[in-house]
Amino acid sequence: MSMIAAFYDNKSILITGATGFLGKVLMEKLFRTSPDLKVVYILVRPKAGQTLQQRVFQILNSKLFEKVKEVCPKVHEKIKPIYADLNQKDLAISKEDMKELLSSVNIIFHCAATVRFDDPLRHAVQLNVTATQQLLHIASQMPKLEAFIHISTAYSNCNLKHIDEVIYPCSVEPKKIIQSMEWLDDAIIDEITPKLIAGRPNTYTYTKALGEMIVQEEGSNLNVAIIRPSIVGATWQEPFPGWVDNLNGPSGLIVAAGKGFLRSIKATPMAVADLIPVDTVVNLTLAVGWYTAVHRPKPTLIYHCTSGTTNPCNWGKMGLQVLATFEKIPFERAFRRPNADFTTNYFTASYWNAVSHRAPAIIYDFYLRLTGREPRMTKLMDRLLRTISMLEYFINRSWEWSTYNTEMLMSEMSPEDQRVFNFDVSQLNWLEYIENYVLGVKKYILKEDMAGIPEAKQHLKRLRNIHYLFNTALFLIIWCLLIARSQMARNMWFFIVSFCYKFLSYFRASRTLKI
Numbered sequence: 001m002s003m004i005a006a007f008y009d010n011k012s013i014l015i016t017g018a019t020g021f022l023g024k025v026l027m028e029k030l031f032r033t034s035p036d037l038k039v040v041y042i043l044v045r046p047k048a049g050q051t052l053q054q055r056v057f058q059i060l061n062s063k064l065f066e067k068v069k070e071v072c073p074k075v076h077e078k079i080k081p082i083y084a085d086l087n088q089k090d091l092a093i094s095k096e097d098m099k100e101l102l103s104s105v106n107i108i109f110h111c112a113a114t115v116r117f118d119d120p121l122r123h124a125v126q127l128n129v130t131a132t133q134q135l136l137h138i139a140s141q142m143p144k145l146e147a148f149i150h151i152s153t154a155y156s157n158c159n160l161k162h163i164d165e166v167i168y169p170c171s172v173e174p175k176k177i178i179q180s181m182e183w184l185d186d187a188i189i190d191e192i193t194p195k196l197i198a199g200r201p202n203t204y205t206y207t208k209a210l211g212e213m214i215v216q217e218e219g220s221n222l223n224v225a226i227i228r229p230s231i232v233g234a235t236w237q238e239p240f241p242g243w244v245d246n247l248n249g250p251s252g253l254i255v256a257a258g259k260g261f262l263r264s265i266k267a268t269p270m271a272v273a274d275l276i277p278v279d280t281v282v283n284l285t286l287a288v289g290w291y292t293a294v295h296r297p298k299p300t301l302i303y304h305c306t307s308g309t310t311n312p313c314n315w316g317k318m319g320l321q322v323l324a325t326f327e328k329i330p331f332e333r334a335f336r337r338p339n340a341d342f343t344t345n346y347f348t349a350s351y352w353n354a355v356s357h358r359a360p361a362i363i364y365d366f367y368l369r370l371t372g373r374e375p376r377m378t379k380l381m382d383r384l385l386r387t388i389s390m391l392e393y394f395i396n397r398s399w400e401w402s403t404y405n406t407e408m409l410m411s412e413m414s415p416e417d418q419r420v421f422n423f424d425v426s427q428l429n430w431l432e433y434i435e436n437y438v439l440g441v442k443k444y445i446l447k448e449d450m451a452g453i454p455e456a457k458q459h460l461k462r463l464r465n466i467h468y469l470f471n472t473a474l475f476l477i478i479w480c481l482l483i484a485r486s487q488m489a490r491n492m493w494f495f496i497v498s499f500c501y502k503f504l505s506y507f508r509a510s511r512t513l514k515i
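Numbering follows the working numbering, with no gaps: position 505 of the sequence shown is 505.
Just so you know, not all the hints are guaranteed correct.
No farther apart than 27 Å at their CA atoms in a straight line, the calculated lysine-lysine pairs in the DSS-like style are these [what the hints assert, rightly or not]: (1) Lys47 x Lys443; (2) Lys379 x Lys67; (3) Lys259 x Lys89; (4) Lys195 x Lys266; (5) Lys47 x Lys379; (6) Lys328 x Lys317; (7) Lys175 x Lys38; (8) Lys447 x Lys47; (9) Lys74 x Lys144; (10) Lys89 x Lys161; (11) Lys176 x Lys38; (12) Lys298 x Lys69; (13) Lys443 x Lys63; (14) Lys328 x Lys443; (15) Lys298 x Lys379; (16) Lys69 x Lys161; (17) Lys266 x Lys298; (18) Lys259 x Lys99; (19) Lys99 x Lys63; (20) Lys298 x Lys328; (21) Lys47 x Lys95; (22) Lys298 x Lys67; (23) Lys63 x Lys47; (24) Lys144 x Lys78; (25) Lys67 x Lys99; (26) Lys161 x Lys317; (27) Lys95 x Lys144; (28) Lys78 x Lys67; (29) Lys38 x Lys78; (30) Lys175 x Lys89; (31) Lys447 x Lys328; (32) Lys95 x Lys78; (33) Lys259 x Lys298; (34) Lys63 x Lys74.
These are computed hints drawn from the structure, not numbers from a lab.
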């Protein structure tokens, strides 16, 4: 019997960010391993044309929750959506809902955050810092609260090479940053942002670091823990391999490369691709929730959830694995053939990316105009290039994260808990994982039918032939122009033809003598 699974039985749990990628997998695992839990409150902001309950049903109707419905048929009755807005005071929770939360909640998993790298500082501070502060204030009024688990990021201190399981202070206190956002205008905030983030690449990593400081300061009277995952990717094992539902990080790059939009990227092949499966993060999160509530460690413990320390895979190797998977499982209606020289070109520091990517898009848009359709490829390519430019910081560097607390937690778990809530990435087979990841992107994001793989392979073969013909024709045209304009080129051509003629003559003569 799993002690961790039993711990969550009859518990009332609050999850922020439950409609996000990590939040969905966290809910799924909770209901699948602890179907007797009491209730899961999720903070939700309704979308246009959808009620809160409709959003819950939309989540539950995905393939992710198929196994949950078998072990917990009335799962929809155990999820209670609460209207909330992280941009508003007290998260805009009604008095009735607040009263219920304050009197019932045992565990809080704070997963909500803006993960956009290009967010203005004001918005990033509101969602990642101020909302965290307000949630901690609410948590401090919960008499039954046993643990508050905050999901941060392993890159919150990416300005450092080696990162320990400690909270590093920022140059300006988070409370002062929050106060300044209330009266500074946007122009001044934009001007001071580069000075504030101080060595970090974007407002996301900076505000996540501020969020950790807020948790340390405001959560001193609570049982608090912080989890720092690296780049979160598709599921490794649970509830099945390869599930993913968003285009963030590697997923977007896989789609762009598989469709032929992305041919090269400025990156360091030997830099460690610190990718971590989302189910690994969830297993660690639930184990941390149990340990924090039962053992109440002081001071606040930070847990790194990374792969580079125990099972590193570099970007060059990952590129080869992705390309090999494209050959077996090609994407439908690819714009161009995925780059055959993936490791050399895709992960090469090429500064002409914008030209090499945009030129085919412009030509394709011209074709769309001629056929009376709306041109869209140039806008799509511009968006892709902006995304790539924001990722370049992370795919050109490697970091070292200490994992003493994560290893300690594993040693505190029973063999059964280690099996059910496995977060040991040393067992991860990268080749198998990447293949399942690509397959998951094809199935769950692009909604492509596996029955279409033979046709996609034929399409890929045609693109390959077109690519070879185009390169050959381009080479001949350039060579003919050189011969016509350059005496050196003509001399070189004469030398090559003479050499080939002599070699063939020698080869024929040697064969005649043997006969």
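How the hints compare with the structure:
With a CA separation close to 25 Å, the supplied pair Lys47 and Lys443 stays within the 27 Å bound. Distance restraint check for Lys379 and Lys67: the Cα-Cα separation of roughly 40 Å exceeds the 27 Å cut-off, and the hinted pair is therefore not satisfied. The straight-line distance between the Cα atoms of Lys259 and Lys89 is roughly 44 Å, outside the 27 Å bound, and the hint therefore fails. Among the hinted pairs, Lys195 with Lys266 is consistent with the structure: their alpha-carbon atoms are about 26 Å apart, no more than 27 Å.
Proximity of Lys47 to Lys379 is assessed by CA-CA distance (about 26 Å); at most 27 Å being required, the pair is judged to hold. Note on Lys328 and Lys317: the hinted pairing holds, with a Cα-Cα distance of about 17 Å set against a maximum of 27 Å. Of the pairs offered as hints, the one joining Lys175 and Lys38 is violated, with about 36 Å between alpha carbons and a cut-off of 27 Å exceeded. Between the alpha carbons of Lys447 and Lys47 the distance comes to roughly 23 Å, so the proposed pair stays at or under 27 Å and holds.
For the given pair, Lys74 sits about 25 Å from Lys144 by alpha-carbon distance, which is consistent with the 27 Å threshold. The suggested pairing of Lys89 with Lys161 is violated, with an alpha-carbon distance near 37 Å, which exceeds 27 Å. Among the hinted pairs, Lys176 with Lys38 is inconsistent with the structure: their alpha-carbon atoms are about 39 Å apart, more than 27 Å. Only pairs whose Cα atoms come within 27 Å are accepted, and Lys298 paired with Lys69 is rejected, the gap being roughly 38 Å.
At roughly 11 Å between alpha-carbon atoms, Lys443 and Lys63 fall within 27 Å of each other, so this suggested pair holds. The straight-line distance between the Cα atoms of Lys328 and Lys443 is roughly 15 Å, inside the 27 Å bound, and the hint therefore holds. This hinted pair does not check out: Lys298 and Lys379 have alpha carbons roughly 51 Å apart, beyond 27 Å. For the hint linking Lys69 to Lys161, the alpha-carbon distance of about 44 Å lies beyond 27 Å, and the restraint is violated.
As the CA atoms of Lys266 and Lys298 are separated by approximately 43 Å, the hinted pair breaks the 27 Å bound. Of the pairs offered as hints, the one joining Lys259 and Lys99 is violated, with about 50 Å between alpha carbons and a cut-off of 27 Å exceeded. Of the supplied pair hints, the one linking Lys99 and Lys63 is violated, its CA atoms being roughly 34 Å apart against a limit of 27 Å. Using a Cα cut-off of 27 Å, the hinted pair Lys298 and Lys328 is violated, with the two alpha carbons roughly 51 Å apart.
Among the hinted pairs, Lys47 with Lys95 is consistent with the structure: their alpha-carbon atoms are about 22 Å apart, no more than 27 Å. About 37 Å separates the Cα atoms of Lys298 and Lys67, which puts this hinted pair outside 27 Å; it is violated. Simply put, Lys63 and Lys47 have alpha-carbon atoms about 21 Å apart, close enough for the 27 Å limit, and the pair holds. Restraint check for Lys144 and Lys78: the C-alpha separation of about 19 Å stays at or below 27 Å, so the hint holds.
Taken as a hint, the Lys67 and Lys99 pair is broken in the structure, with Cα atoms around 33 Å apart against an allowance of 27 Å. Taking the CA atoms of Lys161 and Lys317, the gap is about 22 Å. The hint holds against a cut of 27 Å. A threshold of 27 Å between alpha carbons decides the hint, and for Lys95 with Lys144 the separation of about 19 Å falls inside it, so the pair holds. Restraint check: the Cα-Cα separation between Lys78 and Lys67 comes to about 16 Å, which is no more than 27 Å; the hinted pair holds.
For the hint pairing Lys38 with Lys78, the CA-to-CA distance comes to about 7 Å; that is within 27 Å, so the pair holds. A C-alpha spacing of about 15 Å is found between Lys175 and Lys89, which places the hinted pair at or below 27 Å, so the restraint holds. About 18 Å separates the Cα atoms of Lys447 and Lys328, which keeps this hinted pair within 27 Å; it holds. A C-alpha spacing of about 21 Å is found between Lys95 and Lys78, which places the hinted pair at or below 27 Å, so the restraint holds.
Simply put, Lys259 and Lys298 have alpha-carbon atoms about 50 Å apart, too far for the 27 Å limit, and the pair is violated. Only pairs whose Cα atoms come within 27 Å are accepted, and Lys63 paired with Lys74 is accepted, the gap being roughly 16 Å.
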